[in-house]
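Engineer: Residues per chain are reported as follows:
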Amino acid sequence: MNAELGEFGAQSALRAFGPNAEAALLLTVVMSVAGIVILAIVMGLVWLAVRRTGRPRSWWIWAGGIVWPLATILVLFVFSTITLRAIARTDDTAFVIEVTGHQYWWDVVYDPDGRAIRDANEIWVPVGEPVTFRLVTDDVIHSFWVPSLAGKMDMIPGRTNAFTMVASEPGRYRGQCAEFCGLSHPQMAFEVVAVPPDRFAAFLDELQGEARDAARPELLAGKQVFLEAGCAACHQIRGVAEGAMVGPDLTRVGGRAALGAGMWRMNKGNLAGWIADVGDMKPGAQMPNYNHLSGPDLRALAAYLESLT
Amino acid sequence: MSATAEHQTYTGALKGEPNKSFEEIWAQPRGIRSLTSVSHRVVGKRFIVTGFIFFLIAGLLALGVRTQLIVPGNTFLDLQTYNQFFTMHGTLMMFLFAIPILEGFGVYFLPLMLGARDLIFPRLGAFGYFCYLFGGIIVLSSFLFDAAPESGWFMYTPLTTKEYTPGLSADFWLIGITFAEIASVTAAVELIAAILCARAPGMSLTKMPIFGWYILITAFMIAIGFPPLIIGSVLLESQRLLGLPFFDAAFGGDPLLWQHLFWIFGHPEVYIIFLPAAGFVSTMLPTFVGKPIFGYGFLVAAIVTMGFISFGLWAHHMYATGISPVSLSLFSAASTMVAIPTGIQIFCFIATLAQGRPRFTTPMLFVFGFLFIFVLGGLTGVMLASVPFNFQVHDTYFVVAHLHYVLIGGMVFPLFGAFYYWVPHFTGRMMSETLGKWVFWLMFIGFNTTFFLMHVTGLRGMPRRVATYPEDIGWDRLNMLSSIGSYILAAGIALFVIDFFRHLRSGEPAGRNPWGAGTMEWFYPTVAPGYNFRAIPPVRSREPLWDQPELNEDPAAVGGVLRAYPDHRRETVGCDPLSGEPLHIARLPHPTWVPLFTAFAIAVMFGSLLVSAYWVTAGAFVAMMAGFTAWAWEPSDSGVTRDAGLGYRLPVDKADRRSHTYIAVIGTLLILGALYFSLVFGVLYLWNTFPDFAARIARPDPLMAGGAIAAAVLMAVGAMAAKWLSMRDRFLTAALTGVVTAALGAATAGLLYLAIADIDRNATALGATAWAIVAYVGVLMFIAIWWALFNALRKLTGRTRPGQHVADFNFSPFAKGVALFAATTGALLLAAQGALP
Amino acid sequence: MTTRKNQAIALAAPITIWAVHFIALYGLISASCGPRMLMPIAVMQMTTFIVTVVALIGAGLPLIRVPVRHQGDDLATAIRVCALISVIAIIANALSFPFFSSCGG
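Chains as they are written, first to last, in the numbering used here: chain A, 1 to 309; chain B, 1 to 837; chain C, 1 to 105.
Quick caveat, the hints were computed from the structure, so don't treat them as lab data.
Heads up, some of the hints might be wrong.
Dumping the calculated DSS-like pairs for lysine-lysine here, alpha-carbon to alpha-carbon at most 25 Å [claimed, not checked]:
hint: 1; chain 1: B; residue 1: LYS207; chain 2: B; residue 2: LYS291
hint: 2; chain 1: C; residue 1: LYS5; chain 2: B; residue 2: LYS816
hint: 3; chain 1: B; residue 1: LYS291; chain 2: B; residue 2: LYS437
hint: 4; chain 1: C; residue 1: LYS5; chain 2: B; residue 2: LYS207
Take the sequences, apply the hints, and build the full model.
Structural biologist: This is the structure we're talking about:
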């Protein structure tokens, strides 16, 4: 893991950890430098024009207004188009991860055409191997963006967008919805966890199985609360309550680093707070508040969910 | 035009005020009757003041946004309020501040600069203002009902559909903004006609001050650019009200269609805002350098090409939607090409500066501020045209920084310069130079602190439109500094407002031509009389006050046309659009309640639509039609000629292809055509994008569609025949032909309806859009029928006298245009016959 | 009078041709890359080439022959610069087409 990254992982286009982001960063740096130089020259000319008095010639306009911008643009245009051609390729052989945007969370399906393993809000990818993200939405338009890995792409009703990217270093990279999608748009983030390919394969195998058994009595009580309070109407925990697709899959919810779509640290306290008063933490979320649960029930449920790793 | 024989006696309706002197004829009504004023000086000032108030409100909203973001996890505003604030900030700034205030400057100054006594359609100007005011009030009143729009100023579907935004907030936006847009579009027609058709004798297009070119192209851009959004808004509103599935993916609609329609408007909008402001700059620069603008020809070319190319950028805002890379590159090309006209303008400004030592007045400081900020914003704009870069920074604070650099640098700074420059013209007094420099530096430093840092914030990954952000992610300090900068910027604007009120009482009197400018608006000592010119002097130069010494003598005595006023009417001279030679005398209306009444009727219509009180809507519709009828009822005074002075003997309100009314009809057709082709674009787009849904639609009836084409052609012939007969003063047969024309129009609409009667408009978006096209043609037909019957009725009741041909002369191109749209629709339906499998 | 009319046309025509060219290319891309796939990409590129050549000839005309009385005046400059920008912009419209062999890149 990259030690220099903060608690949430990198979310910056200036710190690139993959070829897509690196290409964009190179463009950014080159264009910024060119931009600053051009700005300085133009301002220098303004200064000269103010200080000196002379007879302007029309070749100034030809040179400065037409030839100069044209030359700059041409270089930029070719550079940019070549970069675009390089990053716009979708790789047919790449591993596919389908991400569905919801108000305000992300449904994740690994290998949708094969094993179709479902998870939510945290996406694991193998380091150094191309991954194709297939992007759809269940409601309004969202935009899938992990700045440190690649540029963004929208999720649009009625369409399927896709792009291929590679993470070149292991680490946690934060992403966020980049298209305004309603009330809690600022609270719709996620994390991409890049791990070595063998670790990734192991992760998938582990994920495909059923949820870890509740061994201790406290956790068993929590599992009971989960089933009795009606959580299973929306949430799936494989091996416990299967089939519900309305809310995020909770099979390994405790294993995620963050709660509430990349927003809060995953721990018992936050989990309990979330269940009791989700409307306060994330206004507009579809999940109702469960503040009628008794204190012990709530604690047990939170403990059980946290144990699901 | 042989029939326009000279009728020497005044046969028109007697609308003059024979007991009044010239000054009294042009006097502004006072008290409550000032609402009847139609003078461009009054209307222009109203636009500017109202626009500035919206600017202040929107600025306060922005301060709320910045205060919320000053620290991570702030709870100053809740999510909903924050979303309302940034939505309304963008909406007010773009629709209710920027465009109207710039149009206000155009409305106020163009006649003065071009040598006209008033804008050529004074009532239309007043009507447009009231539409704007009422539309703005509707949008703003949403705060009172706790239903302020909260879906962003771009209103992306499906977030704005009933499903995801129940309640009225989106309706407030759609209805209020569409209403205000009517104002912008009417002003566009008015400005086009005023610039082309009402200039001082001898002012050919190349003798016109460059400001005229800027506004002319801007007006054309508004005429083409606003219709797509109007269509989009109407479609979205009917989806919300009637459930038609235009943008619903489940029925073969497409949220991207909304984005296309929105941005075909939205991108040119930026240039619509920039061009007039650049016009300010190129008016102020020569004054303070003391030399004419350098490179007039280059500037004209830059303005014209910018007006066109800026339309090719719309997908600039849709790079991340998954459009094919080939398509992206096309838009990317146009995006970068805009740099050339921009570069030309910047270099013309620099070359102008090089001609002499500029005086460092407050307006000039703002011009320098403009140069710095706008060039920087333009450069980041070129960066954004690069697709891979755009994938990263789209919808981040980098874009927020860029757009504020372009809009504040390209528009607000020149605008404040223009305030300082022209304020003596409004009030007769100068604003403080000392305070003005404070205002500038506060705004300049505050602006750059706020927005320069946002480039970095965006690159560090902060998306737009987020009400909160987590700590420790690298955005805290940058946001804090941006917020502090915004307070400095606000302090500068507050100081400006304070100085404005101070100067009203104790500002130094300005006198005549306080800056030593060369353009005609400084012809009179401030404040100039409401008629602008006692006699309209011939113009031989782009800087008449510099090059024509006689203009600096007593302005009331300077020789020119229309010194005499035999008919005791308000009038100005209409010119040939290209050469500027006097063509006819244009009679102008006197103060009237009709614009206010009609605009109010429309406001009631829209307001009742909002609360679903459809009976009120119907009543208001009748009132609106009555208003328009009263507006047009008096025939124009064509058919007489008058001695205009300086050896000109001119007809009054000539029926001619070069006259303002004819040009206005053509301008209106341009707008109607843009509306029509926005719908056609929608149909082709949906047909091409969703073949499966297209296959489900019932086929239109080919017989009826063919019949509609035939009827439309006959209708056009009828209108031409009515014109031909009327021009020869055969009023009875002309009236009967008009009735037949109206009947043919009704037949065309009816046949089109029958052609698509089998298509289910609720089942597919394509079907719904086909209905929308026919409905739109139906509305146009209704107007054409109304106009034809109106002309006929006026003839049959004896209101039309020999020589009065303008109404029929102008109806003919309108009818032909509408018939063309109807026939095209018929042809599309016939083609659909073959294209639908 | 007719000279003035010709001048107005010479000023507006090239950039109008640019607009038509832009719309044509947008239409061609949509026809070729849209779900309907109305034409193969090679046909689209060929048509683009032809359309571009025609547009360039049209937009470039005022460059060769400016309908003005004397060459030095501002209108002549405006017409010539307008035509030049239009020609450049038309080339730019078509510039990226050879870079792509399919719609997907």
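Engineer: Each of the hints needs a verdict: does it hold here or not?
Structural biologist: Hint check:
1. LYS207(B) to LYS291(B): 16 Å, holds
2. LYS5(C) to LYS816(B): Given pair LYS5(C), LYS816(B) holds - Cα atoms ~23 Å apart, limit 25 Å.
3. LYS291(B) to LYS437(B): 24 Å, holds
4. LYS5(C) to LYS207(B): 16 Å, holds
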